[in-house]
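*Asks:* Generate the whole structure from the sequences, applying the supplied hints.
Protein chains in written order, with the working numbering: chain A, 21 to 339; chain B, 205 to 534.
In case anyone wonders, no lab produced these hints; they're calculated from the structure. Treat the hints loosely; a few may be bogus.
[As the list claims (entries may be wrong)] So these bits of chain A aren't anywhere near chain B, every CB distance computed over 12 Å: (1) A65; (2) G185; (3) R190; (4) E257; (5) A311; (6) R312.
[To be verified] Chain B side only, calculated, beta carbon under 8 Å to chain A, not exhaustive: (7) A250; (8) L334; (9) I336; (10) G344; (11) V348; (12) R358; (13) S362; (14) L504; (15) P508; (16) V513; (17) L517; (18) L525.
Since this is a predicted model, take the numbers as computed values, not measurements. Note that the Cβ used here is the ideal one computed from N, Cα and C, for glycine as well.
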Amino acid sequence: MSAATSGIGPRLRRSTWLLALGSALLLAAINLALQPSFLEPGVMASNLTTFLPLILVAIGQTWVVLASDIDLSIGSTVSLVNVVTVVVIDALGGDAAAIAAGMAAGVATGLGCGLVNGLCVARLRFQPIVTTFATGVVFAGLALMVLPEAGLPVPEVYWRGYAGGLFGVRSVVLVLAAALLLCLVIERTRFARALRASGGQMQAAYQSGVPVTWTRIRAYLLAGFFAALAALCLTGETASGDPLLGGAYALSSISAVVLGGTALAGGVGGFLGSVFGAVVLGLIGNVIFFARLPFEYQTLVQGLIVLAALAGGVLVARR
Amino acid sequence: MSAQNPSASAAVRRRLGALALHPLTLALAAAVALLALGEAISPGFASPGQIVSQLTIAALLGMVAAGQTLVIIGGREGIDLSVGGVISLCAFVAGNLMAGTDAAIPLALAATLALGFAVGLLNGLGIVLLRIPPLVMTLGMTGVIQGALVILTRGVPSGRSAPALTALMNQPLVAGIPGVLLLWAAVALGVCLLLHNTAFGVRVYAIGANPEVARIAGMRPERIRALLFGLSGMFAGLTGFLVLGYTGSVFVGIGLQYVLPSIVAVVIGGTSLAGGIGGYLGTIGGAITLTVLQSLLITLDAGPAGRQVIFGLTLLVLLLLYGRQRGLRG
Numbered sequence: 021m022s023a024a025t026s027g028i029g030p031r032l033r034r035s036t037w038l039l040a041l042g043s044a045l046l047l048a049a050i051n052l053a054l055q056p057s058f059l060e061p062g063v064m065a066s067n068l069t070t071f072l073p074l075i076l077v078a079i080g081q082t083w084v085v086l087a088s089d090i091d092l093s094i095g096s097t098v099s100l101v102n103v104v105t106v107v108v109i110d111a112l113g114g115d116a117a118a119i120a121a122g123m124a125a126g127v128a129t130g131l132g133c134g135l136v137n138g139l140c141v142a143r144l145r146f147q148p149i150v151t152t153f154a155t156g157v158v159f160a161g162l163a164l165m166v167l168p169e170a171g172l173p174v175p176e177v178y179w180r181g182y183a184g185g186l187f188g189v190r191s192v193v194l195v196l197a198a199a200l201l202l203c204l205v206i207e208r209t210r211f212a213r214a215l216r217a218s219g220g221q222m223q224a225a226y227q228s229g230v231p232v233t234w235t236r237i238r239a240y241l242l243a244g245f246f247a248a249l250a251a252l253c254l255t256g257e258t259a260s261g262d263p264l265l266g267g268a269y270a271l272s273s274i275s276a277v278v279l280g281g282t283a284l285a286g287g288v289g290g291f292l293g294s295v296f297g298a299v300v301l302g303l304i305g306n307v308i309f310f311a312r313l314p315f316e317y318q319t320l321v322q323g324l325i326v327l328a329a330l331a332g333g334v335l336v337a338r339r
Numbered sequence: 205m206s207a208q209n210p211s212a213s214a215a216v217r218r219r220l221g222a223l224a225l226h227p228l229t230l231a232l233a234a235a236v237a238l239l240a241l242g243e244a245i246s247p248g249f250a251s252p253g254q255i256v257s258q259l260t261i262a263a264l265l266g267m268v269a270a271g272q273t274l275v276i277i278g279g280r281e282g283i284d285l286s287v288g289g290v291i292s293l294c295a296f297v298a299g300n301l302m303a304g305t306d307a308a309i310p311l312a313l314a315a316t317l318a319l320g321f322a323v324g325l326l327n328g329l330g331i332v333l334l335r336i337p338p339l340v341m342t343l344g345m346t347g348v349i350q351g352a353l354v355i356l357t358r359g360v361p362s363g364r365s366a367p368a369l370t371a372l373m374n375q376p377l378v379a380g381i382p383g384v385l386l387l388w389a390a391v392a393l394g395v396c397l398l399l400h401n402t403a404f405g406v407r408v409y410a411i412g413a414n415p416e417v418a419r420i421a422g423m424r425p426e427r428i429r430a431l432l433f434g435l436s437g438m439f440a441g442l443t444g445f446l447v448l449g450y451t452g453s454v455f456v457g458i459g460l461q462y463v464l465p466s467i468v469a470v471v472i473g474g475t476s477l478a479g480g481i482g483g484y485l486g487t488i489g490g491a492i493t494l495t496v497l498q499s500l501l502i503t504l505d506a507g508p509a510g511r512q513v514i515f516g517l518t519l520l521v522l523l524l525l526y527g528r529q530r531g532l533r534g
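*Replies:* Next comes the structure, spelled out in structure tokens:
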């Protein structure tokens, strides 16, 4: 609305992702105090490897949430992409060409899932929460059909390549950099503006000539794409297929997006906050582990911190 | 007289038409069709005993969905994802208070209802005072409850249902009907009376349709909304109490399977997620349809994967039939 153009609006918006950055830095400091080796390159890289899938899924979720929609199927999309990739690589013999084909099939699967969601929600005008719940059930079922049980290892080249790097830079860093670059490019397009307009005031955006339906479909396509990217990374990390791989990502990606200051009502926020939100969620797990809290306390503490961060974010944004 | 006749019959026809298109009628028609299909595929599927046991499962879903209906009608993206956690928590507390003795049932029931209401009210306060979106608030609450449960139970099933509670769920009480179905009928009557015959019900629809107008008309939307979340927690608590009777003992994640079906039952029952439109009768139909569909898919022996795919596709078809939102041109 008018807040986007007035002086205070952009500042407010910045401060919401700044809060996520601040929380991430605070948690990183605590983590460093508890684990002196935290800043060593090896430890940083292994942390990034753990956090990267959620970062990517949260980025994907952000586009959809910006359009005031939501994607509860994004976890099942991750599972489906993982099993399709693994099965295609295996069926084609496991050489370099097979790996390329498998990854392409995985990305196509992710885009397909996004397209189905986008068409149902934006074109057929189904309610987003229930629709993506239903498509999520379908995708999860399809994943079980493609690969009924966890297993089927990927060729060594795949996971060695993911654990290794290129020109002395680790693969995880390259993937993250490429993803962030892509986001920066997307943010400079007309689509990004149409997305925030649609999410802020859908009716007004439509009447001003914004292609609302197509914009929402594209947001779901992006969600599918980033979910596929996350699945390919997870495949590199686990080195095998698992039809239940993505289970928890739908809800944790929404938490990351909200922690990052993107409004669920749409229109306000951006990918950067979601990245920090995902890092915050990951670091909470680390801190609980290194604080030697019993494992049982992890869920409780994580839940309390997320709620506190949400309440804090809302209180800061209101000022 | 003769001049009034055509308009009177037109009014009757209109009422009949409205009745035929009522979400409850549609959902029950779908349930009957599914039952007939099941009977054709596997004789005995629609036998009285089978129908009663399916209704018992539907009753559990219907109780959670009662609270879900209330918060969804209350509007402002009202939704309660914490019902699963509350069911687990209350089933755990009830099971440990009861520990298999009938004498402790009243205490356990009172404790679960109070606990459920308290958790729901906490959700409501977070939503109206801190302005956290309901989806996220109740999701965060789920995390907290599940975390607390993991610590309380240490991951081991615990608590035991009292014989009388188990009988309420599994034994016929009157004319072959288990007590839980009579309880469900009473709850349904209460919720419908609350929504349609009290000032509170009128306010719920008013704040759901347009909170600003409701405020100008002298209502207090925040207070009502917080109370609705409290009621949703209470219904989830009641469900947890009954789930304990149904399963005998409790594991940590026992309630989570009810979360999304409770929302789906509300939606296919014709209540709009935008708020202000709908009612509990439709939700009852939705709960029964969902339950029959799920047991039909089990009977079909489609395997877990096929079952999931068919279940999801059916939901999409149901949404296509009457879950669509208004177009941007309209």
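*Asks:* Now look at each hint and say whether the structure bears it out.
*Replies:* Status of the hints after comparison with the structure:
no.: 1; hint: A65; verdict: 28 Å, holds
no.: 2; hint: G185; verdict: 35 Å, holds
no.: 3; hint: R190; verdict: 32 Å, holds
no.: 4; hint: E257; verdict: 24 Å, holds
no.: 5; hint: A311; verdict: 15 Å, holds
no.: 6; hint: R312; verdict: 15 Å, holds
no.: 7; hint: A250; verdict: 25 Å, violated
no.: 8; hint: L334; verdict: 5 Å, holds
no.: 9; hint: I336; verdict: 5 Å, holds
no.: 10; hint: G344; verdict: 4 Å, holds
no.: 11; hint: V348; verdict: 4 Å, holds
no.: 12; hint: R358; verdict: 7 Å, holds
no.: 13; hint: S362; verdict: 14 Å, violated
no.: 14; hint: L504; verdict: 14 Å, violated
no.: 15; hint: P508; verdict: 6 Å, holds
no.: 16; hint: V513; verdict: 4 Å, holds
no.: 17; hint: L517; verdict: 6 Å, holds
no.: 18; hint: L525; verdict: 11 Å, violated
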